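> Starting from the given sequences, assemble the full structure and let the hints guide the process.
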Amino acid sequence: MSTMLDAPPTARTLAPRITVEPRQPVWRSAGNDEPAIEVRDFSFWYGDVQALQGVSFTVPRRAVTALIGPSGCGKSTFLRSVNRMNDLIPETRASGDLIVEGTSVYGSGIDLVAHRQRVGMVFQRPNPFPKSIFDNVAYGPVLNALCAKRDLPELVEQCLRRAALWDEVSDRLDEPATGLSGGQQQRLCIARALGNRPTVLLMDEPCSALDPIATQKIEELIFELKREYTIVIVTHNMQQAARVSDTTGFFDRGGVLVELGETHQIFTNPRQERTEAYITGRFG
Amino acid sequence: MNRRTVRRVKSNVMVGIMMAAVIVAVLPLLFILASLLLRGASSLSLAFFTHLPAPAGESGGGVLHAIVGTLIIVGMASLAGIPIGAGAGVYCAEYPGSRLSLVTRFVSDVMNGTPSIVVGVFAWTIIVAPQHHYSALAGSAALAILMIPMVMRTTEELLKLVPNSLREAALALGYARWRTTLSVMLRTALPGIVTGTLLAIARIAGETAPLLFTALGNQYLSFRPNAPMAALPLVVFTYSIGPYEEWHRFAWAAALVLILVVLVLSIAARFATRQRFGATRD
Numbered sequence: 158m159s160t161m162l163d164a165p166p167t168a169r170t171l172a173p174r175i176t177v178e179p180r181q182p183v184w185r186s187a188g189n190d191e192p193a194i195e196v197r198d199f200s201f202w203y204g205d206v207q208a209l210q211g212v213s214f215t216v217p218r219r220a221v222t223a224l225i226g227p228s229g230c231g232k233s234t235f236l237r238s239v240n241r242m243n244d245l246i247p248e249t250r251a252s253g254d255l256i257v258e259g260t261s262v263y264g265s266g267i268d269l270v271a272h273r274q275r276v277g278m279v280f281q282r283p284n285p286f287p288k289s290i291f292d293n294v295a296y297g298p299v300l301n302a303l304c305a306k307r308d309l310p311e312l313v314e315q316c317l318r319r320a321a322l323w324d325e326v327s328d329r330l331d332e333p334a335t336g337l338s339g340g341q342q343q344r345l346c347i348a349r350a351l352g353n354r355p356t357v358l359l360m361d362e363p364c365s366a367l368d369p370i371a372t373q374k375i376e377e378l379i380f381e382l383k384r385e386y387t388i389v390i391v392t393h394n395m396q397q398a399a400r401v402s403d404t405t406g407f408f409d410r411g412g413v414l415v416e417l418g419e420t421h422q423i424f425t426n427p428r429q430e431r432t433e434a435y436i437t438g439r440f441g
Numbered sequence: 002m003n004r005r006t007v008r009r010v011k012s013n014v015m016v017g018i019m020m021a022a023v024i025v026a027v028l029p030l031l032f033i034l035a036s037l038l039l040r041g042a043s044s045l046s047l048a049f050f051t052h053l054p055a056p057a058g059e060s061g062g063g064v065l066h067a068i069v070g071t072l073i074i075v076g077m078a079s080l081a082g083i084p085i086g087a088g089a090g091v092y093c094a095e096y097p098g099s100r101l102s103l104v105t106r107f108v109s110d111v112m113n114g115t116p117s118i119v120v121g122v123f124a125w126t127i128i129v130a131p132q133h134h135y136s137a138l139a140g141s142a143a144l145a146i147l148m149i150p151m152v153m154r155t156t157e158e159l160l161k162l163v164p165n166s167l168r169e170a171a172l173a174l175g176y177a178r179w180r181t182t183l184s185v186m187l188r189t190a191l192p193g194i195v196t197g198t199l200l201a202i203a204r205i206a207g208e209t210a211p212l213l214f215t216a217l218g219n220q221y222l223s224f225r226p227n228a229p230m231a232a233l234p235l236v237v238f239t240y241s242i243g244p245y246e247e248w249h250r251f252a253w254a255a256a257l258v259l260i261l262v263v264l265v266l267s268i269a270a271r272f273a274t275r276q277r278f279g280a281t282r283d
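Chains as they are written, first to last, in the numbering used here: chain A, 158 to 441; chain B, 2 to 283.
Note that these hints are calculated values from the structure, not bench results.
Every value quoted in this text rests on a predicted model; they were computed, and no experiment measured them.
Ideal Cβ placement from N, Cα and C applies to all residues, glycine included.
It is possible that part of the hints are untrue.
Said to hold, decoys possible - On the chain B side, residues computed to face chain A include the following (Cβ under 8 Å):
id	residue
1	167
2	170
3	185
Stated by the list, open to error - Estimated spans, in silico, between C-beta atoms of each pair:
id	chain 1	residue 1	chain 2	residue 2	range
4	B	183	A	439	45 to 55 Å
5	B	84	A	206	35 to 45 Å
6	A	254	B	183	33 to 43 Å
7	B	25	A	206	50 to 60 Å
8	A	267	B	69	55 to 65 Å
9	A	229	B	183	29 to 39 Å
10	A	331	B	69	56 to 66 Å
11	A	207	B	20	51 to 61 Å
12	B	183	A	213	39 to 49 Å
13	A	433	B	183	49 to 59 Å
14	A	267	B	97	52 to 62 Å
15	A	202	B	16	51 to 61 Å
16	A	228	B	97	20 to 30 Å
As structure tokens, then:
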């Protein structure tokens with residue numbers, strides 16, 4: 158716990174009780190039935206290669222939306238567009254509309270730093286910072302001045318509890334995060350994302366580097382978290398999509414959204430032949 | 002002989018060859034250390050560290066002026082060289098594809114291979130000749146020029162070793178780019194950068210040729226950067242070619258002190274690398 162904890166106090170840090178409830182969306186006039194993410198004719202290019210071809214769909218609030226499809230179908234590209242992580246790759250461009258909680262992500266007026274605080278992300282491989290467990294969770298809230306220093310321990314505890322990790326690490330918060338197992342590291346990364354009080358959580362194949370037991374824990378956690386967060390998860394594992402999600406979208410090669418609907422319907426009674434071929438294992 | 006015996010003999014022979022190579026590689030270093038200790042240690046005394054040289058022909062005295070001089074010259078060189086080198090390294094690591102960083106990388110590779118005497122002549126031409134006098138400052142400038150490419154490449158290489166997933170993690174948490182670079186990338190690479198920097202300091206501390214053209218040397222204790230100043234490598238150089246037996250002993254002792262300084266810096270570098278939290282593996 159070094160100097161990074163000395164964040165200047167702001168109006169927000171003076172709030173009486175510490176909380177990790179997701180923030181209320183800035184744009185709330187439409188109420189909770191309005192979708193959390195709205196995608197209209199969204200396309201994406203890596204140089205000359207088009208990775209997404211005019212996809213349009215909506216992501217319901219406080220529910221889990223799973224995106225499935227073969228490798229290279231653009232589902233990760235879409236996920237990384239929502240918080241604009243693709244900006245790291247040179248010569249990419251986007252067209253169409255991608256609106257998260259009323260903010261146009263590729264609009265000119267967006268504050269990327271603020272946007273990424275509201276949209277948390279969990280990556281394919283656990284990527285904790287080479288710091289202590291405590292610092293990993295405290296990192297976001299401190300730098301984004303969401304919390305006073307004296308409230309940090311409580312905030313960290315709440316985040317770790319939400320990520321179902323508290324009982325396993327409560328007696329060794331000062332130990333390096335890299336000493337945790339892969340599954341624990343991934344839950345720590347989820348706790349770290351929760352520390353920013355996001356409204357949307359993006360998960361890019363969060364279990365692909367984990368064993369079945371760790372996977373089960375993460376899935377239970379996703380099920381818990383969806384009561385408060387809008388979750389979009391990309392997965393190669395169709396059973397996982399069927400288990401955890403409320404809505405499933407099927408992307409196919411070339412970056413086309415073939416079908417999106419209620420998970421039960423997609424897996425039992427798909428409307429499109431390509432969807433059926435994929436989920437029954439005839440290709441992919 | 003069956004095949005297993007053949008295999009074992011082959012293995013032993015290869016291990017033997019490699020051990021011989023290790024011994025040959027280390028032997029000169031051990032010889033240098035041993036002869037320095039044998040010939041230099043006897044001249045080491047408290048006076049050697051705390052006194053100025055005695056007039057020629059007399060015995061006693063010390064090399065305080067050279068120790069102070071080396072500290073000042075190397076200190077000033079580090080003050081200029083480390084920030085410039087580290088800053089350039091960060092730029093090259095953060096903008097690897099830009100034309101400026103390509104040119105910088107190429108130039109620094111050439112600089113790393115440039116003989117230090119060339120740098121000394123360069124500093125003489127640029128600083129000493131126009132000023133019409135030698136100075137410690139010119140020596141520091143020469144050493145800084147030698148140091149910058151070393152620090153730069155170390156910084157760049159170590160920043161490149163930091164996994165990109167950490168950068169993504171920080172950006173996804175809502176970090177500005179500069180903050181990501183400073184508090185995640187640099188912070189993670191810091192122990193290695195410190196090691197590389199200490200090794201660079203150790204290397205320039207032993208440089209003689211550039212100082213011959215710039216700091217020149219001084220028989221007295223001097224704190225003025227804009228005047229000639231003594232330094233340990235210069236003392237070794239001057240005394241070892243001098244006519245007096247006493248001087249030769251002093252040269253050995255000064256060389257031993259120089260090696261000890263380098264040794265201490267290297268050990269410090271070792272300690273700096275023992276970081277508490279290792280970086281993630283992938």
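> Among all the numbered hints in the text so far, which are the ones the structure does not match?
10 and 14
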